[in-house]
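J.: Below, each chain spelled out in residue letters.
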Amino acid sequence: MAGNPMSIFDISGRAMSAQLVRLNATASNMANAGNVTGTEKEAYRAIKPVFRSVTDKPGVATVKVENVVTTDAKPVKRYDPNHPLADKDGNVFEAAVDSSAEMVEMLEASRMYQNNVQVMQTAKSLMLQTVRMGK
Amino acid sequence: MGLEDKLFGVHGKALELRSQRLNLLASNIANASTPGYKARDIDFEAALNEATNKGTDAKQAMKGAMGYRIPLQPTLDGNTVELSTEQTLFAENAVKYSTTLSFLEGRLNTITRALRGE
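Residue numbers (this note's numbering), protein chains in the order written: chain X, 1 to 135; chain U, 1 to 118.
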């Protein structure tokens, strides 16, 4: 962080952004689940964010999304010669997305987001109480 | 002993330590899904003792009393944040911050009344 120490709003706020990136990645994966393409190369593969903690001083740390990686899960090959996109062998390739795993991921991301909102709310009300002290 | 220590006793230092601990627990909750993150906390009593008896500032006292949380159950990704533990401690710490704040307010009221001479 540039000069000034990390406040509780930085910690929770950045964690919320990270969880939002995760939620977005899940949304893209879900949207592409069941997508069919003619070649294995073109088939959609699930994407996942990689989280890393950013430490300010000992014990005080927030999260950032280091990068978003494409998983190397194999697209499902299906024999469907009547499909308009089928290749010369009559195969189509389905996106490599595990929808139930994505569903779990979505729920977890939203719960973690809620946790951080709660932390922020608590911190805010304590700060306001402190500001009003003696009035 | 500074003037603020004479006015507020143990509560000034306690409030400072509570606020620092709030940051620490917020960091743990923020990193609940970061692989390999090790949760940290302070021994509040030890930190407060050090700050009040030896007169060290809150930052130094925090450093001395800090440690890593021992998880109830190990995880595959090496993360030691257990949300149930962290959230309970966060709530407890927030309530105690509020309590310390009302003690401080009481002291402040006493002093204001004495100054007014009512």
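Please note that the accuracy of each hint is not assured.
Some chain X residues flagged as far from chain U (calculated, every beta-carbon gap over 10 angstroms) [stated by the list, open to error]:
(1) N24
(2) E42
(3) V104
Within a straight-line C-alpha distance of at most 25 angstroms, the following computed BS3-like cross-link-like pairs (lysine-lysine) qualify [unchecked claim]:
(4) U/K96 x X/K64
(5) X/K124 x X/K64
(6) U/K63 x X/K48
Calculated from the structure, these hints are not laboratory results.
Ideal placement from N, C-alpha and C gives every residue a C-beta, glycine not left out.
J.: A separate judgement is required for each hint: does it hold in the structure or not?
T.: Status of each hint after checking the structure:
Distance check on X/N24: its Cβ is at least 15 angstroms (rounded) from any Cβ of chain U, clearing the 10 angstroms threshold; non-interface status holds. For X/E42, the condition that its CB be more than 10 angstroms from all CB atoms of chain U holds, with the nearest at approximately 31 angstroms. Its beta-carbon lying about 12 angstroms from the closest one in chain U, X/V104 satisfies the requirement of being farther than 10 angstroms from that chain. Of the supplied pair hints, the one linking U/K96 and X/K64 is violated, its CA atoms being roughly 30 angstroms apart against a limit of 25 angstroms.
A hinted pair counts as satisfied when its Cα atoms are at most 25 angstroms apart, and X/K124 with X/K64 qualifies at roughly 22 angstroms. About 36 angstroms separates the Cα atoms of U/K63 and X/K48, which puts this hinted pair outside 25 angstroms; it is violated.
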